[in-house]
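Heads up: the sequence lines are chains A and B, in that order.
Numbered according to the working numbering, the first sequence spans residues 1 to 252.
Numbered according to the working numbering, the second sequence spans residues 1 to 251.
None of these hints come from the bench; they were simulated from the model.
Just so you know, not all the hints are guaranteed correct.
Capping the alpha-carbon separation at 35 Å, the derived lysine-lysine pairs in DSBU-like fashion look like this [stated by the list, open to error]:
#1 B:Lys62 / A:Lys114
#2 A:Lys113 / B:Lys231
#3 A:Lys110 / A:Lys129
Model, not experiment: these values are computed from the prediction.
Residue-level listing of the chains:
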Amino acid sequence: MKGSDLLIVRHLGKSFGRHEVLQDIDLVVQKGDVTCMIGASGSGKSTFLRCINLLETPDDGHIFFHGRDVMENPGMTESAYRAKVGMVFQSFNLFNNMTVLQNCMIGQEKVMKKGKEESEENAMWYLKKVGMEPYVNARPGQLSGGQKQRVAIARAMAMQPEVLLFDEPTSALDPQMVGEVLDVMKALAQEGLTMIVVTHEMAFAKEVSSHVVFMADGVIAEEGSPQDIFENPKEERTREFLSRFRGELQSS
Amino acid sequence: MPQSFSGRIVMILSRYGGSILTGAGLTMLIALIGTVFGCIIGLLVGVVQSVPEPGRGHPARKILLKVVKFLCMAYVEIFRGTPMMVQAMFIFYGAAALFEIHMTTMFAALFIVSINTGAYMTETVRGGIFSIDRGQVEGARAIGMTHAQTMRYVILPQALRNIMPQIGNNLIINIKDTSVLNVIGVVELFYTTNSVAGAYYTYFEAFTVAMVVYFILTFTCSRLLRLAEKKMDGPDNYVLAEGPVIGEVAR
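Starting from the given sequences, assemble the full structure and let the hints guide the process.
The structure is reproduced here in structure tokens:
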């Protein structure tokens with residue numbers, strides 16, 4: 001195990017009842033990696049992502065964060081681990097009882113125990129970054145989908161996570177709002193944020209990722225650099241899956 | 001004794017207006033305090049009822065939680081399933097007979113209304129918590145909040161807003177149901193009215209007054225609660241940090 005390996009997943013398995021959703025998944029994420037997970041719906045991508053921050057409890061295998069097994073010998077609580085592994089959801093999950101600004105402050109104040117002023121300053125910095133600082137007083141119900149997702153990214157970033165997980169962040173958005181969210185994500189990737197992104201945006205995956213994982217039927221069918229996967233896929237399943245996105249990939 | 005109906009009402013009001021007001025005040029006091037304490041009980045028990053099962057490796061905590069949840073369930077079922085009037089007799093005289101605890105009628109009244117409301121509120125709170133989208137919990141978990149923090153800062157504020165109409169309902173029910181406490185001698189509005197009526201055999205007149213007073217109490221409360229709900233919802237529009245009010249809400 002190398003020192004720079006931030007997250008290592010070994011032999012991860014997960015079943016829902018009799019249905020085996022994930023089998024023997026291995027993944028290594030290094031600091032600064034942008035890992036994109038692609039694959040058909042139901043292939044287990046989202047479940048895998050949710051296992052990484054323990055929103056789902058894996059049935060088998062190990063997850064090492066900085067070399068420590070987060071399930072058996074974490075040296076910290078599950079909550080403390082999750083604070084370092086941020087997550088952005090398909091359905092945003094902004095707190096409906098708080099304003100945009102409060103959404104970005106509450107974690108800092110209550111989880112990181114930062115002062116109010118520092119939290120606000122930090123929250124404003126990230127809200128500015130995603131272009132949402134004029135909306136600090138708005139409530140989630142008053143925003144469009146794209147705006148909500150940008151706030152959700154700011155909320156996650158305000159916790160200064162070491163790795164940020166994106167669970168189909170643009171799947172619930174109207175087409176014209178997808179771009180504004182992807183732009184924010186691209187900027188974060190360029191700044192060196194470690195990201196694991198489950199997505200159906202192939203052009204984004206091809207352009208931004210450093211590592212692409214193709215999942216099918218609960219296993220990793222193929223993985224490699226974006227060039228490997230998008231230009232020379234070895235597996236028939238990968239080729240077949242990508243053929244559906246030919247138009248999108250050529251225009252990029 | 002005045003000949004006309006209205007004359008007798010005026011007589012009751014002028015002669016007994018003060019005691020009727022005192023009775024109404026006591027009714028409101030019991031209803032309000034009982035509702036507040038009932039809500040607190042309901043909140044606590046409702047939250048306990050919704051604690052998720054601990055994961056692997058916590059057998060002791062699992063058993064403890066099961067026992068506590070069972071006790072909570074028993075409390076809810078017993079107090080929801082028996083009439084408050086019977087509970088009042090049972091507790092007031094039972095405490096004296098079994099434990100030689102002689103409660104004042106006022107204390108007994110507050111106690112009975114509180115635990116009764118608590119039993120109903122527990123179910124309401126539980127429903128309120130379950131009505132909140134699962135995504136809210138996940139959003140909170142994902143930024144590292146514990147179960148308790150998630151409840152306190154994210155779920156309960158939203159659940160409380162959603163159950164406000166139900167809390168109002170309970171307050172209004174309590175204003176009316178304190179009347180059964182006359183069986184243990186609480187001098188609330190019904191008891192007072194009954195005494196007034198008995199003095200000159202003016203039952204119809206006295207209870208006409210009581211009807212009106214009860215209605216004024218409940219109607220005022222229901223309007224005030226509506227206002228409180230509006231306030232909790234916050235403004236419909238928001239102000240851009242450096243700009244004018246957004247006229248239309250973007251949805």
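Outcome of the hint check:
no.	hint	verdict
1	B:Lys62 / A:Lys114	33 Å, holds
2	A:Lys113 / B:Lys231	29 Å, holds
3	A:Lys110 / A:Lys129	23 Å, holds
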